[in-house]
Amino acid sequence: MKKRINYNLIIGYTLIFLVLLLALVGLFYTPYPANEMNVLEKNQAPSLSHFFGTDQFGRDIFSRVMEGASTSFLIAVCVVLVGAGIGTLAGAVTAYFGGWLDAVLMRVNDVMAAFPSVLLAICFVAVIGPGTYNLICALGIVFIPSFTRVVRSEVLVQKELDYVRNAKLMGAGNLRILVFHILPNIRPVLKTSLLVGFQNAVLSEAGMSYLGLGVTQPDPSLGRMLSEAQGYLWNAPWYALAPGLTILALTLGLGLVTSDKA
Amino acid sequence: MKFIIKKTGSLIITLVIISFLSFLAFSLIPGDAAVASLGMDATEADINALREELGLNRPVHVQYADWLLSALQGDFGVSTQYHLPVSELVVKRLPATITLAVYSMVIIILVSFPAGLLGTRKPNGAMDTVMTVLSQVGMAVPQFFLGILLTFFFGIVLDWFTVGGYVGVQENPAGFFRFLVLPAVAVAVPKCATMTRYIRNAVVAQKKQDYVRTARGKGNSEKRVLLQHVLVNVMMPVVTMLAMMAADVLAGSIVVEQVFNIPGLGRLLITSISNRDYPVVQAIVVYMACAVVIMNTLADIAYQKLDPRVR
Numbered sequence: 001m002k003k004r005i006n007y008n009l010i011i012g013y014t015l016i017f018l019v020l021l022l023a024l025v026g027l028f029y030t031p032y033p034a035n036e037m038n039v040l041e042k043n044q045a046p047s048l049s050h051f052f053g054t055d056q057f058g059r060d061i062f063s064r065v066m067e068g069a070s071t072s073f074l075i076a077v078c079v080v081l082v083g084a085g086i087g088t089l090a091g092a093v094t095a096y097f098g099g100w101l102d103a104v105l106m107r108v109n110d111v112m113a114a115f116p117s118v119l120l121a122i123c124f125v126a127v128i129g130p131g132t133y134n135l136i137c138a139l140g141i142v143f144i145p146s147f148t149r150v151v152r153s154e155v156l157v158q159k160e161l162d163y164v165r166n167a168k169l170m171g172a173g174n175l176r177i178l179v180f181h182i183l184p185n186i187r188p189v190l191k192t193s194l195l196v197g198f199q200n201a202v203l204s205e206a207g208m209s210y211l212g213l214g215v216t217q218p219d220p221s222l223g224r225m226l227s228e229a230q231g232y233l234w235n236a237p238w239y240a241l242a243p244g245l246t247i248l249a250l251t252l253g254l255g256l257v258t259s260d261k262a
Numbered sequence: 001m002k003f004i005i006k007k008t009g010s011l012i013i014t015l016v017i018i019s020f021l022s023f024l025a026f027s028l029i030p031g032d033a034a035v036a037s038l039g040m041d042a043t044e045a046d047i048n049a050l051r052e053e054l055g056l057n058r059p060v061h062v063q064y065a066d067w068l069l070s071a072l073q074g075d076f077g078v079s080t081q082y083h084l085p086v087s088e089l090v091v092k093r094l095p096a097t098i099t100l101a102v103y104s105m106v107i108i109i110l111v112s113f114p115a116g117l118l119g120t121r122k123p124n125g126a127m128d129t130v131m132t133v134l135s136q137v138g139m140a141v142p143q144f145f146l147g148i149l150l151t152f153f154f155g156i157v158l159d160w161f162t163v164g165g166y167v168g169v170q171e172n173p174a175g176f177f178r179f180l181v182l183p184a185v186a187v188a189v190p191k192c193a194t195m196t197r198y199i200r201n202a203v204v205a206q207k208k209q210d211y212v213r214t215a216r217g218k219g220n221s222e223k224r225v226l227l228q229h230v231l232v233n234v235m236m237p238v239v240t241m242l243a244m245m246a247a248d249v250l251a252g253s254i255v256v257e258q259v260f261n262i263p264g265l266g267r268l269l270i271t272s273i274s275n276r277d278y279p280v281v282q283a284i285v286v287y288m289a290c291a292v293v294i295m296n297t298l299a300d301i302a303y304q305k306l307d308p309r310v311r
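So the sequence lines, in the order shown, correspond to chains A and B.
Residues in the first sequence are numbered consecutively from 1, following this note's numbering.
Residues in the second sequence are numbered consecutively from 1, following this note's numbering.
No wet-lab data here; the hints were simulated from the structure.
Just so it is clear, the structure is predicted and the values come from calculations on it, not from any experiment.
Heads up, the beta-carbon is just placed ideally off N, CA and C, and yes, glycines get one too.
Just to be clear, a hint being listed does not mean it is correct.
Unchecked claim - Sample of chain A residues lacking proximity to chain B, with all beta carbon distances greater than 10 Å (derived): (1) 5; (2) 13; (3) 46; (4) 97; (5) 133; (6) 141; (7) 149.
Claimed, not checked - Cβ pair distances, simulated, as ranges: (8) 128(A) <-> 44(B): 24 to 32 Å; (9) 12(B) <-> 45(A): 54 to 62 Å; (10) 211(B) <-> 166(A): 36 to 44 Å; (11) 126(B) <-> 38(A): 29 to 37 Å; (12) 173(A) <-> 218(B): 56 to 64 Å; (13) 263(B) <-> 173(A): 57 to 65 Å.
To be verified - Here are some chain B residues pointing at chain A (derived, C-beta under 8 Å): (14) 134; (15) 137; (16) 281.
All chains, full assembly: derive it from the sequences and hints.
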């Protein structure tokens with residue numbers, strides 16, 4: 001059979017790579033300091049010295065997009081780590097041992113999963129206040145149920161299989177079976193849900209920062225930049241396009257890669 | 001019937017738990033309603049007096065019972081930023097949010113069914129590929145960025161509507177209903193994309209089943225097989241998905257109201273959070289939680305009615 005070129009994967013990884021490159025370079029080097037204001041060069045159109053132009057304070061938009069992208073990446077990675085870490089632990093333990101803990105945790109899980117993530121995150125931020133670390137906590141908690149559910153249903157299937165019984169006969173402890181036998185077997189499923197979770201985390205972070213409930217001033221964040229750019233749509237549409245298209249490139253890339261896995 | 005009663009029971013329990021948890025959370029925040037309404041330079045004595053008056057120094061469960069009793073009678077307390085009854089504020093914001101949500105749901109249903117079926121005649125054919133690419137892009141675009149793009153093209157380039165020109169339903173009903181169309185599109189597009197993809201995959205999977213071959217063998221036309229056999233089986237998960245979408249639409253409208261400057265529940269929630277107006281936040285959180293939980297319960301009941309196997 002002729003091998004087909006998988007365009008989804010190629011385009012997806014290329015988009016992710018481009019944004020990742022932007023973010024990684026943004027950690028160490030930006031053409032201009034991201035927060036430096038320059039009154040003489042306010043609201044400039046894209047040019048050779050300012051790739052995406054400048055904003056209302058004369059800050060270089062390209063530099064801000066670079067730093068914003070690394071902030072978004074960092075937050076999304078932390079959110080997924082918190083959510084997946086706690087979620088996997090909870091899902092694996094409840095499914096493997098069962099009992100009343102399972103019943104109680106799954107009830108809580110169902111209630112939380114019924115709410116849209118943005119709504120829940122807004123509730124948490126309303127209580128603990130905005131800011132980068134609070135946003136990571138809020139979104140991290142919100143993302144736990146999706147991982148718990150996936151891991152739980154997988155472990156429920158795996159623990160009845162022969163290889164687990166075999167390991168038990170050989171005298172392996174419960175913890176050993178969970179970590180060294182079951183976990184490697186659910187890795188493909190976990191990988192897909194990590195990617196989906198990452199896409200959702202990027203979208204949620206951007207949304208929360210757009211609402212002013214995430215990254216605080218003056219640090220650049222793609223979502224915040226969009227809300228600032230909105231006031232200048234009339235004379236500087238590129239200001240909104242730069243951060244918006246960056247978010248879109250990242251989420252589209254992740255979407256293409258996951259749709260291929262699923 | 002027994003099923004419905006049981007579901008309603010668990011619905012009420014869930015609502016009580018949610019409202020208690022949110023009440024508890026808001027009462028734990030440093031800086032209570034007394035501090036919020038008197039401002040930073042109030043004296044300790046003044047604050048204590050107001051606390052006494054508002055009943056803030058009673059145990060939490062007593063306060064909660066009190067709050068719940070008045071809430072059930074439609075009294076959610078007084079807003080600390082507007083000094084108006086919370087219920088009055090919320091009721092005033094409802095028409096915009098509800099209209100936006102209904103519009104979005106209508107768009108989702110009207111678009112995703114035809115769009116989902118479009119590619120299924122020849123899976124992986126040209127049409128299917130186009131629809132897949134479109135839905136991929138649709139799923140990835142953030143609602144607020146889409147809102148900004150729509151504002152730019154329709155408001156500034158084409159000048160079809162006034163940017164931020166929201167009018168109340170009482171003042172100008174026609175203008176109100178016209179203005180909300182674009183925000184609804186911004187809310188609906190990502191959900192449409194997800195739904196389209198879901199319907200497409202479900203139909204393609206169902207078409208491989210034996211009963212479809214049987215139906216074709218009996219001489220049914222392709223259209224009849226699709227409408228009378230395949231769609232009926234696809235409907236059940238789709239109805240559940242639609243109910244879950246309703247909750248997402250509510251969440252999406254919070255963000256999109258901000259983009260289009262619509263004074264709905266979402267905007268009220270955001271401004272109340274930044275102004276630490278907790279009675280309002282509490283009321284809206286409970287209100288939205290109610291809406292979400294009720295939608296889910298309705299979906300469960302609908303699912304049970306539609307699928308004879310669950311009955």
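Cross-check of the supplied hints:
1. At roughly 14 Å from the closest C-beta of chain B, the C-beta of residue 5(A) stays outside 10 Å, upholding its exclusion from the interface.
2. With a minimum CB-CB distance of about 14 Å to chain B, residue 13(A) clears the 10 Å threshold, and the non-interface call stands.
3. Residue placement check: residue 46(A) keeps its beta carbon more than 10 Å from all beta carbons of chain B (closest about 16 Å).
4. Against chain B, the non-interface label of residue 97(A) holds: every CB pair exceeds 10 Å, the least being about 24 Å.
5. A cut-off of 10 Å between C-beta atoms confirms that residue 133(A) is not in contact with chain B; the least separation is 17 Å.
6. With a cut of 10 Å on Cβ distances, residue 141(A) stays outside the contact zone with chain B, its closest approach being about 12 Å.
7. The beta carbon of residue 149(A) is kept farther than 10 Å from every beta carbon of chain B, the shortest such distance being approximately 14 Å.
8. Taken as a hint, the range 24 to 32 Å holds for the pair residue 128(A) and residue 44(B), whose Cβ atoms sit roughly 26 Å apart.
9. Between residue 12(B) and residue 45(A) the CB atoms are about 59 Å apart, so this pair conforms to the stated range of 54 to 62 Å.
10. Here the CB-CB span from residue 211(B) to residue 166(A) is close to 40 Å, well matched to the stated 36 to 44 Å.
11. About 51 Å separates the C-beta atoms of residue 126(B) and residue 38(A), a value inconsistent with the hinted range of 29 to 37 Å.
12. Look at residue 173(A) against residue 218(B): about 58 Å separates their beta carbons, and that is inside 56 to 64 Å.
13. In this structure, residue 263(B) and residue 173(A) meet the distance hint of 57 to 65 Å, their C-beta atoms being roughly 60 Å apart.
14. Interface hint status for residue 134(B): violated, as the beta-carbon distance to the closest one in chain A is roughly 12 Å, over 8 Å.
15. Because the beta carbon of residue 137(B) sits about 6 Å from the nearest beta carbon in chain A, less than 8 Å, this interface hint is met.
16. Taken as an interface hint, residue 281(B) checks out: its beta carbon lies about 5 Å from the nearest beta carbon of chain A, inside 8 Å.
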